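Q: Listed in order, the protein sequences are those of chains A and B.
Heads up: the first sequence runs through residues 1 to 358, numbered per the working numbering.
Heads up: the second sequence runs through residues 1 to 315, numbered per the working numbering.
In case anyone wonders, no lab produced these hints; they're calculated from the structure.
Some hints here could point you the wrong way.
What the hints assert, rightly or not - So, partial list: chain B residues that the calculated Cβ filter (under 7 Å) puts toward chain A:
#1 Glu64
#2 Ala114
#3 Ala117
#4 Arg146
#5 Arg147
#6 Tyr153
#7 Gly161
#8 His174
#9 Arg177
#10 Arg226
#11 Ala230
#12 Pro244
As the list claims (entries may be wrong) - Straight-line alpha carbon distances no greater than 27 Å define the calculated DSS-like cross-link-like pairs of lysine-lysine that follow:
#13 Lys353/A with Lys256/B
#14 Lys353/A with Lys310/A
#15 Lys212/B with Lys279/B
#16 Lys270/B with Lys212/B
#17 Lys256/B with Lys51/A
#18 Lys30/B with Lys72/B
As the list claims (entries may be wrong) - Covered by chain B, according to a simulated footprint, are these stretches of chain A (three or more residues, beta-carbon under 8 Å):
#19 12 to 22
#20 278 to 286
#21 312 to 324
Please read these numbers as outputs of a predicted model, since none were measured by experiment.
For each residue, glycine too, the CB sits at the ideal point set by N, CA and C.
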Amino acid sequence: MNSNLQLDLHPDADSLSAFAEEALGAAEREQILAHMTQCSRCREVIYLAQKAAEAEALETLSAAPSGRWYRSWRFVWVPAAALAAALALAVTFYPRLTAPAPEMAKIAPQSEQAAPASLEQASAGAALKPAPVVATNSAAGGTPFTAPRRPPQEFALQTAPSLAHATKENYAAPSPSVGTVQMRTRQQSPAQFNPEPAVDAWLQRQRATGAIAASANTTQASPESMKTAMDRASANRSVPSFAPVSNRSMPAASFGIGTQEAKAGSAGSHGTNPPKLPSGLAAISTATTQQRALAIDLAGALFLSEDAGKHWQPVARQWTGLAIKVRVQSGLSGAVFQLTNINGSTWVSADGKTWTVQ
Amino acid sequence: MGITPSQHVEDIASAPESSQLLVPSSPLLKELWREAGAAAYGLDQQNFNRILYRVGTARNYGLEPGATASRKQQAAFFRGLRLADLVLAKACASGHEGAWEHFIAAYRQPLFRAAIAIAGSETLGRELADQLYAELYGLTARDGVRRSPLDSYKGKGSLRGWLRTTLAQRHVDHHRRTRRELPLDNLAEGHEPSAANPRPQKLPAELLLLAKAVVETLERIETVERFLLAAYYIDGRTLLEIAPMLHVHEATVSRKLRRLVAGIRKQIVKSLLGYGLNKRAVQEMLGADPRDLDLNLKKILQISLPDAFQEKAAL
Chain A
1 MNSNLQLDLH
11 PDADSLSAFA
21 EEALGAAERE
31 QILAHMTQCS
41 RCREVIYLAQ
51 KAAEAEALET
61 LSAAPSGRWY
71 RSWRFVWVPA
81 AALAAALALA
91 VTFYPRLTAP
101 APEMAKIAPQ
111 SEQAAPASLE
121 QASAGAALKP
131 APVVATNSAA
141 GGTPFTAPRR
151 PPQEFALQTA
161 PSLAHATKEN
171 YAAPSPSVGT
181 VQMRTRQQSP
191 AQFNPEPAVD
201 AWLQRQRATG
211 AIAASANTTQ
221 ASPESMKTAM
231 DRASANRSVP
241 SFAPVSNRSM
251 PAASFGIGTQ
261 EAKAGSAGSH
271 GTNPPKLPSG
281 LAAISTATTQ
291 QRALAIDLAG
301 ALFLSEDAGK
311 HWQPVARQWT
321 GLAIKVRVQS
331 GLSGAVFQLT
341 NINGSTWVSA
351 DGKTWTVQ
Chain B
1 MGITPSQHVE
11 DIASAPESSQ
21 LLVPSSPLLK
31 ELWREAGAAA
41 YGLDQQNFNR
51 ILYRVGTARN
61 YGLEPGATAS
71 RKQQAAFFRG
81 LRLADLVLAK
91 ACASGHEGAW
101 EHFIAAYRQP
111 LFRAAIAIAG
121 SETLGRELAD
131 QLYAELYGLT
141 ARDGVRRSPL
151 DSYKGKGSLR
161 GWLRTTLAQR
171 HVDHHRRTRR
181 ELPLDNLAEG
191 HEPSAANPRP
201 QKLPAELLLL
211 AKAVVETLER
221 IETVERFLLA
231 AYYIDGRTLL
241 EIAPMLHVHE
251 ATVSRKLRRL
261 VAGIRKQIVK
271 SLLGYGLNKR
281 AVQEMLGADP
291 RDLDLNLKKI
301 LQISLPDAFQ
311 EKAAL
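Chain A on its own, in the form it takes in the complex (with noise of 0.2 Å):
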């Protein structure tokens, strides 16, 4: 006989489903949970009731036009933090990229002083944006733009700390400030440096393309301002950046939200090097302590390392919802890991392995 066929009593669809919705109290959840334990039948209800509730509510949710902004919520904080991070860029290059820089005299060659006097008066108003602008211009098929000191790559590197590491290949980046404009890997001597002609043409041609006629202030951009901008990003080469490895179509800003949540870590980063983790793909936040480092990438996942980013693990998921920030507490009992997800729910950990919800 089949043991299920001792009970033809069971509870009614009321009780089942408020159990379902966690409704009842305690004493009637211990005795529905005490029939389900022995009836498959009820068991069998509630899982489909459960299907069939979860069928509905995703149903619901791209029927409802109220509900696209949550559904979109977990992609809107990437041109967010992308918006966050220029700003923050900007805040940080602006006043170096305007301030005088004695030591440009000397390295400056004497060309360069004998500028076109409209890219001089101009270049008082040329903050920050000429400078990845003029880093190449591959796609207008011009001659770039090259330093005296330093090849054309590590000008990039400075001036677009969201696209570093991008330099070895081409890097298609949707930014808006960076726009078409790839990057070329080329070597020039100092020997072949003549900025004027250079600049001239370059600028005719962003003109003739309308590539800098986005914005007043950068459009005429003094060759001081460019060197001094190369100048100053160069002398700040330690900024930390996890930009992708490779050519993937990201926007570039959002590799910097990781730069801001490593530096928010007490324990500051652990390099400059991008962490390269298991999944493959690029790392929006990562923290860091003596020895380990947690990294969330583009999936939500998260990985822990043990040797100072050089092998990563991934931690088994303990929260709900898109992780999307990593960050280094300090508590009374030392440093600990927060883990925040997209709904702002925040979880702790001391070894970065096991989480509790905060």
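Position chain B relative to chain A; hints supplied.
A: Quick look at chain B alone, frame taken from chain A:
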């Protein structure tokens, strides 16, 4: 729809006139009545009071059977009910036109969607939903009185959840009924011992001890743990499926399951050592082929329960 039920809301309450808790002038009753929107369906406070009384006594106000609810507990129970859904269901069951219009607008499509999700196909789902829909409207007549399954809704869970669960019950019952009707020849072979593979008549002494230890251990574990074992090992459900039933994360289910299995093993070892076996013998015994044990884990997990449910599932 073709059929217009003529029964009125006032007729549905067959509960005693006197209520243990509420009287028509009670401020709580007024508050609940207003909150439920009962006036929209022509349900006065007196009949609303009867409905509440019937629901409360049927569920013993959410307390264990035999316990007596205080007024405070009763009030808390009533406040926890889905009053709007409850009133709508009762009004529909009694054939109130306005209630049916609201029900159709709010629940018809979700009912079909749920049925399709449960049945796994649109054809079967629509058939399932249509069948229930007809019953909800009160096609079933008993003793000359039209009855609707909606009358059994007691407002503890949501009406939408009740509809889903009712659909699932119908589907499972239908599936089991048709499965039982299969010819005996079609039953899965191998369930019964064949001549070529006879079941051992008698277990060796050490296996008997092991079986005893297993039974004793499983009998001791808690209800939730037994449920976990049944769902995971007997039903073959995934952690993802089990987690929402217990309202925990699947990682929690995984952790609980791992701990549970480890605990059971530890307890079995302890029991065997208690029987006087040495550690080596115990280890050897744990390496025995489970098929050699004539144990029905399904039965062991299904320990008898208190008479909690006095109600037939299917209406």
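Q: All hints are to be evaluated individually against the structure, with a verdict given for each.
A: Here is what the structure says about each hint:
no. : hint                   : in the structure
1   : Glu64                  : holds, 5 Å
2   : Ala114                 : holds, 4 Å
3   : Ala117                 : holds, 4 Å
4   : Arg146                 : violated, 19 Å
5   : Arg147                 : violated, 15 Å
6   : Tyr153                 : holds, 6 Å
7   : Gly161                 : holds, 4 Å
8   : His174                 : violated, 12 Å
9   : Arg177                 : violated, 11 Å
10  : Arg226                 : holds, 4 Å
11  : Ala230                 : holds, 6 Å
12  : Pro244                 : holds, 5 Å
13  : Lys353/A with Lys256/B : holds, 17 Å
14  : Lys353/A with Lys310/A : holds, 17 Å
15  : Lys212/B with Lys279/B : holds, 17 Å
16  : Lys270/B with Lys212/B : holds, 12 Å
17  : Lys256/B with Lys51/A  : holds, 23 Å
18  : Lys30/B with Lys72/B   : holds, 16 Å
19  : 12 to 22               : holds (count 11)
20  : 278 to 286             : violated (count 0)
21  : 312 to 324             : holds (count 4)
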